[in-house]
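Here is what each chain is made of, one letter per residue.
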Amino acid sequence: MAAARRDREAFAELYRRHYDAIGTYLYRRTGDADATRDLLSDVFLAALRTVGRFRWRGIGARHWLYRIATRAANRWARRRRPAPLPDEVACPRTPPLEAQEQVTRLLLSLPARFQEVLTLHYLEGLDVAETARVLGVARGTVKSRLSRARDALRARFAEGGGA
Amino acid sequence: MTRDPLETLRDRRWDGGAHVHELEERLMLAHARKHLITFTKTKALLVAVALLLFGGFAGAGTAHLFHSFTVEETPLDDGRSHVKVKDADGKTVFDGVLEEDEALFAIDGDEGGIAHVKPVEDEK
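Line order of the protein sequences matches chains A and B. My numbering numbers the first residue of the first sequence as 1 and each following residue consecutively. My numbering numbers the first residue of the second sequence as 164 and each following residue consecutively.
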């Protein structure tokens with residue numbers, strides 16, 4: 001990271017190492033390829049601007065990028081026009097892409113603070129402590145948000161006929 | 164649908180295709196320009212000292228106005244500011260977003276000089 005502040009090739013290496021992971025996180029958050037491309041640009045340009053202020057405070061480079069990406073995805077989620085919930089939620093016969101789109105719509109219908117914990121913890125595989133560091137909140141806050149987010153998602157799932 | 168609705172999204176992976184290289188090129192260009200367009204507050208102090216020294220050598224401690232700019236600073240919801248700078252001819256020379264703790268930036272001059280700009284509130 002220190003080298004990435006001054007050295008173009010070091011920053012390029014940081015970018016190449018984390019592009020796929022951050023892209024996958026944003027794609028899971030948005031379900032939209034165009035938005036993912038735009039947000040990836042925003043995230044890495046923001047990283048380039050702020051890399052000089054990066055400090056190792058118990059947070060690694062990937063988690064630092066997750067933090068920037070989370071803010072970008074939350075801003076995007078707030079700006080987007082809400083899509084109606086699916087009439088029926090996917091069943092085992094639903095084609096995978098269609099099922100993913102339906103679940104993304106359910107996820108996006110939740111508050112951003114629930115979207116971020118669910119995605120970081122369950123999809124990106126971050127444990128509670130890592131999720132707390134990315135979000136800059138206490139571990140207890142992550143645990144309670146996860147519990148409420150799961151309940152909210154189940155409720156949305158049931159509304160959509162998936163129960 | 165699987166037992167956990169989120170399970171469905173685990174298979175979703177990002178394949179950037181050509182975007183990986185396009186963005187890398189943009190970033191490398193931006194990296195080259197970075198030191199000319201953004202300064203943090205810490206660096207702003209150093210730049211201020213440098214300008215003071217330069218002023219001392221050039222004019223026995225008197226201040227010199229090299230260029231004048233109009234700076235429009237619009238606060239954004241997330242704490243950052245959108246800054247637009249126009250030169251005396253009304254030409255936009257900088258249009259970008261400053262982070263919360265950025266207080267100074269620089270503009271490349273046509274003749275190779277650099278103007279350091281610090282947005283300040285208009286007292287009028």
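Everything labelled a hint here was simulated from the structure, so no lab data went into it. Treat the numbers as computed from the prediction; the structure is a model and nothing was measured. By construction, the Cβ of each residue, glycine as well, lies at the ideal position given by its N, Cα and C atoms. A portion of the hints provided could be inaccurate.
Stated by the list, open to error - With the Cβ distance kept under 7 Å, some of the chain A side facing chain B (calculated, not the full set):
id, residue
1, R8
2, A10
3, F11
4, T24
5, R28
6, W76
7, A99
8, S144
To be verified - Just so you have them, the derived chain B footprint on chain A, three or more residues with Cβ under 8 Å:
id, region
9, 13–21
10, 60–72
11, 103–112
What the hints assert, rightly or not - So the derived label-pair ranges between C-beta atoms look like this:
id, chain 1, residue 1, chain 2, residue 2, range
12, A, A155, B, K254, 32 to 42 Å
13, B, G180, A, R8, 35 to 45 Å
14, B, D174, A, V128, 17 to 27 Å
15, A, R148, B, D241, 37 to 47 Å
16, A, V128, B, R189, 27 to 37 Å
17, A, S147, B, D178, 25 to 35 Å
Here is how each hint holds up against the structure:
no.: 1; hint: R8; verdict: 5 Å, holds
no.: 2; hint: A10; verdict: 10 Å, violated
no.: 3; hint: F11; verdict: 6 Å, holds
no.: 4; hint: T24; verdict: 4 Å, holds
no.: 5; hint: R28; verdict: 5 Å, holds
no.: 6; hint: W76; verdict: 12 Å, violated
no.: 7; hint: A99; verdict: 5 Å, holds
no.: 8; hint: S144; verdict: 18 Å, violated
no.: 9; hint: 13–21; verdict: holds (count 4)
no.: 10; hint: 60–72; verdict: violated (count 1)
no.: 11; hint: 103–112; verdict: holds (count 4)
no.: 12; hint: A:A155 x B:K254: 32 to 42 Å; verdict: 55 Å, violated
no.: 13; hint: B:G180 x A:R8: 35 to 45 Å; verdict: 23 Å, violated
no.: 14; hint: B:D174 x A:V128: 17 to 27 Å; verdict: 24 Å, holds
no.: 15; hint: A:R148 x B:D241: 37 to 47 Å; verdict: 24 Å, violated
no.: 16; hint: A:V128 x B:R189: 27 to 37 Å; verdict: 36 Å, holds
no.: 17; hint: A:S147 x B:D178: 25 to 35 Å; verdict: 34 Å, holds
In summary, the numbered hints that this structure violates are 2, 6, 8, 10, 12, 13 and 15.
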